[in-house]
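If you read the sequences in order, they're chains Z and F. Residue numbers for the first sequence follow my numbering, beginning at 1 and rising by one. Residue numbers for the second sequence follow my numbering, beginning at 390 and rising by one.
Honestly, I wouldn't trust all of these hints.
Cut-off 25 Å, straight-line C-alpha distance, at most; resulting in silico cross-link-like pairs (SDA-like, lysine to any residue) [to be verified]:
hint, chain 1, residue 1, chain 2, residue 2
1, Z, Lys-179, F, Gly-530
2, Z, Lys-236, F, Arg-412
3, Z, Lys-236, F, Leu-546
4, Z, Lys-350, Z, Glu-327
5, Z, Lys-119, F, Gly-480
6, Z, Lys-236, F, Lys-407
7, Z, Lys-236, F, Asn-525
8, F, Lys-407, Z, Glu-123
Some chain F residues judged to face chain Z by a derived CB distance under 7 Å, without partners named [what the hints assert, rightly or not]:
hint, residue
9, His-449
10, Val-451
11, Asn-511
12, Gly-514
Calculated directly from the structure, the hints in this document are not laboratory data. All residues carry an ideal CB built from backbone N, CA and C; glycine is no exception.
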Amino acid sequence: MKNEKKKILFGEFVTGAALTRALEMGPEAVVTEVKASNLRGRGGAGFPTGLKWELTAKQESDEKFVICNADEGEPGTFKDRLLLMEQPEKVLEGMAIAGVAIGAKQGFIYLRGEYVYLKKELEEAISSMEDRGFLGSRINGGDFSFSVEIRLGAGAYVCGEEFALISSMNGYRGEPRNKPPYPSEAGYRDKPTVVNNVETLCYIPYIVTKGAQWFKEHGTRASTGTKLFSVSGDVKHPGVYELELGITVNQLLAEVGGEGAKSVQVGGASGLNVAEKDFDQPICFEGLPPGGSIIVFGHQRDMLHVLKNFMEFFVEESCGQCTPCREGNYRLLEGVRMLEKGECSVRYLKELEALCDVMKDSSKCGLGQTSPNAFLSIVENFKTEILYR
Amino acid sequence: MTAGIRAATDELQDVLRKFGKNRTDLLPILVEINRYFGHIDSNSIIEVSRYTGVPIGEIHGVITFYSFLGQKKRGRFVIRLCRTISCDMAGKDQIVRVLEKELGICFGETTDDGMFSLEYTNCIGMCNNPPAMLINDKAYGGLTPERVVEILDSFKLSEYQDMFGYGGVE
Chain Z
1 MKNEKKKILF GEFVTGAALT RALEMGPEAV VTEVKASNLR GRGGAGFPTG LKWELTAKQE
61 SDEKFVICNA DEGEPGTFKD RLLLMEQPEK VLEGMAIAGV AIGAKQGFIY LRGEYVYLKK
121 ELEEAISSME DRGFLGSRIN GGDFSFSVEI RLGAGAYVCG EEFALISSMN GYRGEPRNKP
181 PYPSEAGYRD KPTVVNNVET LCYIPYIVTK GAQWFKEHGT RASTGTKLFS VSGDVKHPGV
241 YELELGITVN QLLAEVGGEG AKSVQVGGAS GLNVAEKDFD QPICFEGLPP GGSIIVFGHQ
301 RDMLHVLKNF MEFFVEESCG QCTPCREGNY RLLEGVRMLE KGECSVRYLK ELEALCDVMK
361 DSSKCGLGQT SPNAFLSIVE NFKTEILYR
Chain F
390 MTAGIRAATD ELQDVLRKFG KNRTDLLPIL VEINRYFGHI DSNSIIEVSR YTGVPIGEIH
450 GVITFYSFLG QKKRGRFVIR LCRTISCDMA GKDQIVRVLE KELGICFGET TDDGMFSLEY
510 TNCIGMCNNP PAMLINDKAY GGLTPERVVE ILDSFKLSEY QDMFGYGGVE
């Protein structure tokens with residue numbers, strides 16, 4: 001952690017205290033508290049966590065599952081790697097509390113294949129918590145049991161999408177599918193399942209012990225709490241920063257030593273490119289996408305080169321299942337190559353922009369719905385730089 | 390030759406025995422075979438199909454979906470260089486040249502002695518310390534030409550010796 005002000009996630013933490021408190025409160029009170037905190041998913045999509053839990057808790061089933069989504073693949077994010085390395089017990093405790101809330105006995109960490117080196121330490125953290133009675137059977141001597149297993153991914157960005165992740169864990173190709181049914185109804189092995197991001201789960205112990213009201217003192221009205229930002233690119237101090245939601249791009253740049261930037265990619269490749277004129281915009285659910293990835297571009301950077309890198313990424317990572325995403329991203333990349341050669345007319349660029357709208361409307365999952373963002377925003381911000389070169 | 394195949398099959402059975410036979414065990418099984426043997430050959434696919442009851446075609450479909458699983462034999466050490474934007478801006482292209490020159494192969498190829506494969510990969514979450522690469526299970530950040538050569542040498546020296554009992558380097 002680079003910033004001195006340790007706000008929430010890197011503050012004081014005693015393993016087991018929040019779980020004990022959650023068991024005293026009971027499932028309904030835990031769900032109510034998390035709902036009241038307005039905590040929204042920190043993986044990028046921002047679905048309200050409490051609502052997700054409530055929907056899953058309501059389902060009647062002999063088995064339910066908690067999955068920690070550690071398939072952190074968005075270009076420019078590495079905050080979950082840091083949490084899993086430095087605070088595995090907090091993640092695990094968050095999972096156990098989710099188990100209390102929805103009535104699950106089994107949790108999984110879906111760890112991306114690129115992070116396989118974290119597996120051993122995570123397994124050690126699991127067994128250490130089992131030894132101390134915070135995981136395993138009859139936690140705190142009561143009736144609640146909860147165990148955690150690690151499942152490895154194998155190099156597929158799309159598996160960070162909730163249902164692609166579940167398909168992958170179910171032993172199929174990691175392809176998203178149409179919803180409903182949502183994972184809260186039919187997830188892992190077709191049982192009700194909650195899928196939460198690593199960072200989301202880390203806020204849970206604090207909300208349980210300190211209360212929703214305390215949590216809401218951070219951030220804005222619609223975006224409560226803090227957020228981890230993974231900062232990279234042309235900055236003096238790259239790293240992970242915990243900052244209040246609602247922070248402006250300018251404030252963030254000042255914090256990380258990125259003043260004088262040409263533009264900032266907020267929310268990763270699937271987020272938005274923000275040019276200097278918009279640096280006063282806030283990063284939060286009602287503003288710029290708070291996915292957590294901040295890539296800073298200095299004035300020496302060729303934005304068309306940046307865009308090409310993003311489009312190559314999406315062409316490679318599209319699962320290819322639905323046409324708008326498979327063909328759309330390919331056409332956008334082709335357009336970038338034409339722009340490179342100075343062969344793309346203004347008229348054709350307009351057609352590509354229309355294609356972006358089609359992709360946003362008709363793609364099956366978040367990948368195809370958000371991949372045009374980079375194209376649209378970079379073209380909008382730097383039209384004169386990239387046309388007819 | 391026959392003995393070799395049987396030995397490989399025995400090893401494969403040992404790997405399989407560690408897992409359950411449900412559909413949900415398929416990915417963990419494939420990940421483990423890929424890790425253990427370096428790739429998943431057609432014999433393994435048949436055995437996995439027998440073990441789990443999942444049709445061969447579907448197993449093939451799952452393997453081809455994931456970039457870390459492969460049916461082609463890769464080198465003992467798979468080098469995956471990140472090509473996503475933060476690493477790209479931090480001098481990835483130079484690292485490409487170092488790796489290709491030092492190993493004498495292009496990206497997508499494996500050295501003749503079967504030791505190293507060169508591949509690109511997308512963001513590996515090392516953006517705060519770019520450019521970065523994975524070698525098998527380990528991540529290396531802050532790469533410079535000198536550091537890359539040092540890393541490669543350390544593999545050549547120690548791992549060659551460990552594996553084959555070489556007394557020295559060629």
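key: Cut-off 7 Å, beta-carbon criterion: hint that F/Asn-511 touches chain Z   = Holds: closest Cβ of chain Z sits about 6 Å from F/Asn-511, inside 7 Å.
message = Need the status of pair Z/Lys-350, Z/Glu-327: alpha-carbon distance at most 25 Å?
response = holds, 17 Å
query = Taking only the CA atoms, is the gap from Z/Lys-236 to F/Asn-525 under or equal to 25 Å?
reply = Violated, at roughly 30 Å.
message = Check the hint pairing Z/Lys-236 with F/Arg-412 against an upper bound of 25 Å on the C-alpha distance.
response = At roughly 48 Å apart (the allowed maximum being 25 Å), F/Arg-412 and Z/Lys-236 break the hint.
query = Are the Cα atoms of Z/Lys-179 and F/Gly-530 separated by 25 Å or less?
reply = Judged against 25 Å, a Cα distance of about 39 Å means the pair is violated.
task = Sort out whether F/Gly-480 lies within 25 Å of Z/Lys-119, counting only the CA atoms.
result = Not OK: Z/Lys-119 and F/Gly-480 at ~30 Å, beyond 25 Å, violated.
request  = Go through the hint on F/Gly-514 and say holds or violated, using the shortest Cβ distance to chain Z against 7 Å.
outcome  = holds, 4 Å
task = Answer holds if the nearest beta-carbon of chain Z is closer than 7 Å to that of F/His-449; otherwise answer violated.
result = violated, 10 Å
ask   = Taken at face value, is the distance from the CA of Z/Glu-123 to the CA of F/Lys-407 at most 25 Å?
value = Measuring from Cα to Cα gives roughly 17 Å; hence the hint holds.
inquiry  = Check the hint pairing Z/Lys-236 with F/Lys-407 against an upper bound of 25 Å on the C-alpha distance.
reply    = Measuring from Cα to Cα gives roughly 48 Å; hence the hint is violated.
request  = Let me know if the C-beta of F/Val-451 comes in closer than 7 Å to any C-beta of chain Z, holds or violated.
outcome  = Hint holds; F/Val-451 Cβ to chain Z Cβ min 6 Å, cut 7 Å.
task = Assess, step by step, whether the Cα of Z/Lys-236 is no farther than 25 Å from the Cα of F/Leu-546, and give holds or violated.
result = violated, 36 Å
Hints 1, 2, 3, 5, 6, 7 and 9 from the earlier list are contradicted by this structure; the remaining hints agree with it.
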